[in-house]
Amino acid sequence: MSAMATIAGVGMTKFGKQPDRTVEDIGREALLAAMKDAGIGRETIDEVLCGSSYGGPLIGQRILRDLGMTGIPITNVENACSSGAAALREACWAVKAGRADVIAVMGVEKLTKLGGGTLPLEPTDVEVNLGNVMPAVYAMRGRGATCTRPARPRAISP
Amino acid sequence: MTDSAEYFPASRPWTERGGAVHLHGSKCSRCGTVAFPPHGLCPACGAENGQERVELSPVGTLYTFSEVHIAPKGFATPYAVGYVDLPEGVRLFGQIEARAADLKLGQQVAVTLGPVRADAGRPVISYKFKELA
Chain A
1 MSAMATIAGV GMTKFGKQPD RTVEDIGREA LLAAMKDAGI GRETIDEVLC GSSYGGPLIG
61 QRILRDLGMT GIPITNVENA CSSGAAALRE ACWAVKAGRA DVIAVMGVEK LTKLGGGTLP
121 LEPTDVEVNL GNVMPAVYAM RGRGATCTRP ARPRAISP
Chain B
1 MTDSAEYFPA SRPWTERGGA VHLHGSKCSR CGTVAFPPHG LCPACGAENG QERVELSPVG
61 TLYTFSEVHI APKGFATPYA VGYVDLPEGV RLFGQIEARA ADLKLGQQVA VTLGPVRADA
121 GRPVISYKFK ELA
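Those protein sequences? They're chains A and B, same order as listed. Going by the numbering used here, the residue at position 35 of the first sequence is 35; the numbering climbs one at a time, nothing skipped. Going by the numbering used here, the residue at position 91 of the second sequence is 91; the numbering climbs one at a time, nothing skipped.
Please note that a few of the clues may not be correct.
[What the hints assert, rightly or not] Distance condition first, Cα-Cα at most 27 Å in a straight line; then the derived DSSO-like pairs of lysine-lysine:
#, chain 1, residue 1, chain 2, residue 2
1, A, K110, A, K17
2, B, K73, A, K113
3, B, K73, B, K130
4, A, K14, A, K113
5, A, K96, A, K113
6, A, K17, B, K73
7, B, K130, B, K104
8, B, K73, A, K110
9, A, K96, A, K14
[Unchecked claim] Where chain B lies over chain A, by a calculated footprint (3+ residues, C-beta under 8 Å):
#, segment
10, 114-127
11, 130-143
The hints are simulated quantities; they were obtained by calculation from the structure and are not laboratory data. In this text, a Cβ means the ideal position worked out from N, Cα and C, and glycines have one as well.
The shape of chain A in the complex, shown without the other chains:
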């Protein structure tokens, strides 16, 4: 089984309430830390995948603009709590497929801007109308004795 891709470096910011910083500031800090950890410069990065659910439109472009890292493909991935993981998954396949050699993958969020409470969900959803909230979704999944419709995991290395 050949490896799909290698994680060359990682970077993470401190978690916490950071009222004086924007989500772009926070994302930039993580990205620069990951590049330093990997020992690579901006010229090596072929493209960027940015996972976020509440970062707003063009979150990846907004993070990269002030770093001057533009002119490469920047794609945003929204997949709720697994937005960052979904971005990483797409990056693995892109490397495996030969589309890129080096991809910067991010997962960024600043939820304190929402003012507290549960995450705002879409009112067009039936369950949201009836009072379902994300913590209850996870609690119910944990309490359910069996999962009759399990996800079908797929080996990531073909």
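Once you've looked at the hints, dock chain B against the given chain A.
Showing chain B alone in chain A's frame:
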């Protein structure tokens, strides 16, 4: 239920009969799968027509549940929620008129109607569940 109440869904996909609430589902004439709310396309086999309206059983089995203490605007906390399996093979989400501490996995619950939240002060009436008397 007063006339000033709002209903969700607005189409009121249910029938009250003999003290029981029967939700309306759809049944695929090709593969027999029952769905709720009524679908125009079968979620099991993809048939694009032949979805016949059916009344669902008024009692089901509690698959899982929890209790919500922090909720969006309009919801009065705490309230219990859960997924209920109806005999037709439908699993649906709803509030439960009970405290979570009194509920047990696998117990029978009945479909009922009642307020689930308030919209600009007006109650929103929908289907929910209650423990069997």
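Hint check:
no.	hint	verdict
1	K110/A / K17/A	holds, 9 Å
2	K73/B / K113/A	holds, 17 Å
3	K73/B / K130/B	holds, 23 Å
4	K14/A / K113/A	holds, 16 Å
5	K96/A / K113/A	violated, 37 Å
6	K17/A / K73/B	holds, 23 Å
7	K130/B / K104/B	holds, 13 Å
8	K73/B / K110/A	holds, 21 Å
9	K96/A / K14/A	violated, 31 Å
10	114-127	holds (count 6)
11	130-143	holds (count 10)
Checked against the numbered hints given earlier, this structure breaks hints 5, 9; the rest are met.
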